[in-house]
Amino acid sequence: MNVFELTAGCVALGGREVLHEVSVVVEAGEFVAVLGANGSGKTTLVRTLVGLVPLTGGSLSLFGTPIRRFREWPRLGYVPQRLAVGGGVPSTVREVVASGRIGRARRLRPMGRDDRAAVDHALEDVGLLDRAGDAVGRLSGGQQQRVLIARALAGEPEVLVLDEPTAGVDADSQDTLAGALGHLSQAGGSVVLVAHELGPLAELIGRAVVLHDGRVVSDGPPPAPEGHHADPGHVHVHPHETSQPAQRSMLEPRTFG
Amino acid sequence: MSLFEFDFMQRALVAAVLVGLAAPAIGTFLVQRRLALMGDGIGHIALTGVALGFLLGTAPVLTAIVVAVLGAVTIELIRERGRTSGDVALALLFYGGIAGGVLLIGLSPGGSSTTLVGYLFGSLSSVRAEDLIVIAVLTVAILGVVLVFGREMYAVCMDEEVARVSGLPVRFLNLLVAVTAALTVTVAMRVVGLLLVSALMVVPVATAQQMSTSFRATLLGACGLGVLASVGGLVMAFYADVAPGASTVVLALGGFLIAAAVGAVTRRTA
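Top to bottom, those sequences are chains A and B. Residues in the first sequence are numbered consecutively from 0, following numbering that gives the first Met the number 0. Residues in the second sequence are numbered consecutively from 0, following numbering that gives the first Met the number 0.
Extracted from the complex, chain A is given alone in its bound form (with noise of 0.2 Å):
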């Protein structure tokens, strides 16, 4: 069954248009990367993938339904790229990933222990069950990811969405996030994330959709990790920019193309 399946989608932001004609599928069970030069339109991509940009043209559905009548949301799970977890009150760890289950919750009726458990195995998958209790905006940027990681997996997705998930987190935080994407990939579950660096995710990815200018450019193989940078398909990438991620997130003019 295909998860997404996007037909010469269309997208235009601020008048612009930044995704030309680009035709997408995703399988259940795959785990796809989204390559390509900062406003190629990686995460345009996405966003629109799960329904937060509309398309200007094409076709979108997902797992076999055209967005228009999809209503199945729970079965999708979302990371946007966020530097910090946000809000201006204090929230536990624990609070934060249980508003992941928000999408499977009923009004008025208490989480339940199956809840609880999905919240447990979400914060175990993550490595942060010790620290459910602190404030969460207590915690370094790379346990934040894992965070709003866990956030996401606390709703049990099929599918998990991810853009640039490993972009300045430290390496310690990016093994655990290979970690807990491995675990819902031997599930059966389908990962697609935007990323510049691939770091330990490289070995978990199946399949690369490299972008550029808001076309496909290659569709296949990931790029081998040894002496990828010579692959012609894989320029857009930035690999020299590897020793200080969280710094160049942060000086980087935000194109969010």
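Keep in mind the hints are simulated off the structure, nothing from the lab. Just so we're clear, the structure is a prediction, and the values are computed from it rather than from any experiment. Yeah, the Cβ is synthetic: ideal placement off N, Cα and C, and Gly gets one too.
If you only want the chain A side, here are some residues facing chain B, beta carbon under 7 Å, derived: (1) V49; (2) L51; (3) W72; (4) L75; (5) Y77; (6) P79; (7) G85; (8) G87; (9) E94; (10) S98; (11) I101; (12) A134.
Just the calculated beta-carbon pair ranges, DEER-fashion: (13) A:P65 <-> B:V147: 26 to 34 Å; (14) B:P168 <-> A:H182: 25 to 33 Å; (15) A:R108 <-> B:L61: 30 to 38 Å.
Please arrange chain B on chain A, whose structure you already have, making use of the hints.
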């Protein structure tokens, strides 16, 4: 003779307790969403509603509710579009609210801008029996919204996009927060006044979060602190013969300073 032997003080006391509970309850969600000043904006707009009531000869509290709700919905729709010009649009709305209020009160028979002072800063003697009924009904509605929709509102206020992908009715929930905030403003206007109502929605939250690590504890703590501030402010206003809005907010701010100092010390030693 106790101050609460006066009928008007009894009514003011009931109103103060209700307002002290309701304002921080919805205020916690506004702070979470980083819209702490939204209550202020609604308060400005509600002034036009109050003056409209005088002009039309109807109860000012009812016209204030209608205008405040319309204003809150407008603010939310402007915010939703997310353009930078929204900031200026909001400012225009706020100034229009105050100017409209003063203009309309001047046009109403026997009205002058001094009529509005009680609404701007609160007034002990102004809480009439029928006001109390409106205040009680609205407080139940506000707390009911927080109880029923709190979990969803928390998710939306923390991360709107993730909430949208979870399938939550984001626009409905945002409007619900805005309308509930508007109702809170009109509930609180008799006791703390339109210019200071936002303080009661925000300061107890800021105080509570000095000492808490969770959203739930912040919300409950803020409600407790809100009641303390509004009742304490009422007593202070009675004895010192000042506007209750001022004494309430000064007390709330004093509490914040103490909590911030205590919080800084405990965080250092922790």
